[in-house]
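Asks: Chain by chain, the residues run as shown.
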Amino acid sequence: LPEDRNQPIHVSADQASLNEATGVSVYSGNVEIKQGSMILKGSRVELHRDNQGSIARVVSTGNPAEFQQQSVASQPVTRAYGNQMDYRIPTQLITITGNAQVQQANDRFTGQRIVYNMDQSIVDAFGSEQPGGQRVEMIIQPRSNN
Amino acid sequence: MRWTRHITLAIVILLTLLPVLYWGWIGINQTVPQVTEQDEDRIDFFILDGHIKRYSQAGEIAHQISSPLIEHLPGQSITQVTQPKVILLGDRDQETLIEADQGTMTDDESKIELAGNVRVIDNSSFDAPRELRTETMTLFPSSQYAETSDPVIFEQALNQLSAIGMQAWLGEQRIELLSEVRGFYAKSE
Chain A
394 LPEDRNQPIH
404 VSADQASLNE
414 ATGVSVYSGN
424 VEIKQGSMIL
434 KGSRVELHRD
444 NQGSIARVVS
454 TGNPAEFQQQ
464 SVASQPVTRA
474 YGNQMDYRIP
484 TQLITITGNA
494 QVQQANDRFT
504 GQRIVYNMDQ
514 SIVDAFGSEQ
524 PGGQRVEMII
534 QPRSNN
Chain B
1480 MRWTRHITLA
1490 IVILLTLLPV
1500 LYWGWIGINQ
1510 TVPQVTEQDE
1520 DRIDFFILDG
1530 HIKRYSQAGE
1540 IAHQISSPLI
1550 EHLPGQSITQ
1560 VTQPKVILLG
1570 DRDQETLIEA
1580 DQGTMTDDES
1590 KIELAGNVRV
1600 IDNSSFDAPR
1610 ELRTETMTLF
1620 PSSQYAETSD
1630 PVIFEQALNQ
1640 LSAIGMQAWL
1650 GEQRIELLSE
1660 VRGFYAKSE
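As you go down the protein sequences, you meet chains A and B in turn.
Here this note's numbering = 1-based position in the first sequence + 393.
Here this note's numbering = 1-based position in the second sequence + 1479.
Because the hints were derived from the structure by calculation, they are not lab data.
Quantities reported herein were computed from a predicted structural model and do not represent experimental measurements.
Keep in mind that the hints are not guaranteed to be accurate.
With a Cα cut of at most 25 Å, we get these calculated SDA-like pairs of lysine to any residue [as the list claims (entries may be wrong)]:
{"no.": "1", "chain 1": "A", "residue 1": "Lys427", "chain 2": "B", "residue 2": "Ser1658"}
{"no.": "2", "chain 1": "A", "residue 1": "Lys434", "chain 2": "B", "residue 2": "Ser1641"}
{"no.": "3", "chain 1": "B", "residue 1": "Lys1564", "chain 2": "B", "residue 2": "Ser1658"}
Listed below are several chain B residues computed to face chain A (Cβ distance under 8 Å; list not exhaustive) [stated by the list, open to error]:
{"no.": "4", "residue": "Ile1492"}
{"no.": "5", "residue": "Phe1524"}
{"no.": "6", "residue": "Arg1609"}
{"no.": "7", "residue": "Arg1612"}
{"no.": "8", "residue": "Leu1640"}
{"no.": "9", "residue": "Ala1642"}
{"no.": "10", "residue": "Glu1655"}
{"no.": "11", "residue": "Ser1658"}
{"no.": "12", "residue": "Val1660"}
{"no.": "13", "residue": "Tyr1664"}
Quick reminder that beta carbons are idealized off the backbone N, C-alpha and C, glycines included.
Produce the entire structure from the sequences given, and follow the hints as far as they go.
Replies: See the structure below:
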């Protein structure tokens, strides 16, 4: 939801390594990050703090790492999966790399890399630059007319 | 006749003296416990309002310990420290303050077992100070390392983390939270 970014962040994990000198906290083992309606899950999650001490960036890796958020109250939940997710809170962009997949209701986008704009619910999908690599694939369900 | 009166008087005096002497002997034995060299709880010296400074090889103060009451127990080769305040000094003027209700320090000051309202306060951060709280903690001052298996709470401004068990390299500002980690990061204004 639009106000998600102003919500506190709740974290739960099995272990954590806090490095105050670098401002990076690494959580590992069943990690779950919640901020409003947004949920990020992974086996390893880094929280990067900015100079003011606020969380500015979240990098999650997993098999797969998961993300979900309700971008608009009237819209269904958006879900994303991938080997790694890089969530930049100030710009509200989440970059999914490695078997990237985004689902909005019955629509589905896959590619090597997907950039999801949480503010505007825009999905930019990219294929692999390797010849014969993963291509972008989109499945958009027909809208019912009634 | 006079002899018998003297003898009677002597007997009476003797009879009254015996219990008094006996009681006196037992009394002495009780009020002053026999303290032997091996007595583990024997205190050979104590310091009121003590302040200990430990210097590094380079001649700089490495850490300081202050306490209203310091008691040395030679039988156990330890020093008991009441309400200890330990200040660890690091580079870049970094200072870590550690407080507790009670501390037990080895004679070589290499290890301090802290117990009761243990608090670790690090003021070196550019924003709010960081505070860590637990019930017991083992501190190794010279390596600025501490650990506990107890629940810990770690706070900075409105952010708070809790966990069970911790290892902390205080000089490097690095902490490992060992299990059941829960965190809350408030949105700063």
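Asks: Work down the list of hints and note, for each, if the structure agrees.
Replies: For each hint, the structure was consulted:
For the hint linking A:Lys427 to B:Ser1658, the alpha-carbon distance of about 19 Å falls within 25 Å, and the restraint holds. At roughly 19 Å between alpha-carbon atoms, A:Lys434 and B:Ser1641 fall within 25 Å of each other, so this suggested pair holds. At roughly 28 Å between alpha-carbon atoms, B:Lys1564 and B:Ser1658 are farther apart than 25 Å, so this suggested pair is violated. Here the hint on B:Ile1492 is broken, as its CB sits about 82 Å from the closest CB of chain A, past 8 Å.
The interface hint given for B:Phe1524 is violated, since its Cβ lies 39 Å from the closest Cβ of chain A, which is over the 8 Å cut-off. Annotation: interface hint on B:Arg1609 holds; nearest CB of chain A at approximately 7 Å, less than 8 Å. Interface hint status for B:Arg1612: violated, as the beta-carbon distance to the closest one in chain A is roughly 15 Å, over 8 Å. Hint on B:Leu1640 holds. Least Cβ distance to chain A is approximately 7 Å, under the 8 Å limit.
A cut of 8 Å between beta carbons decides the hint on B:Ala1642: the least distance to chain A is about 7 Å, and the hint holds. Given hint, B:Glu1655 at the interface with chain A, holds; its Cβ is 5 Å from that chain's nearest Cβ, closer than 8 Å. Taking 8 Å as the C-beta cut-off, the interface hint given for B:Ser1658 holds, the closest approach to chain A being about 6 Å. Here the hint on B:Val1660 is kept, as its CB sits about 4 Å from the closest CB of chain A, short of 8 Å.
Taken as an interface hint, B:Tyr1664 checks out: its beta carbon lies about 4 Å from the nearest beta carbon of chain A, inside 8 Å.
In this structure, the earlier hints numbered 3, 4, 5 and 7 are contradicted, and the remaining ones agree with it.
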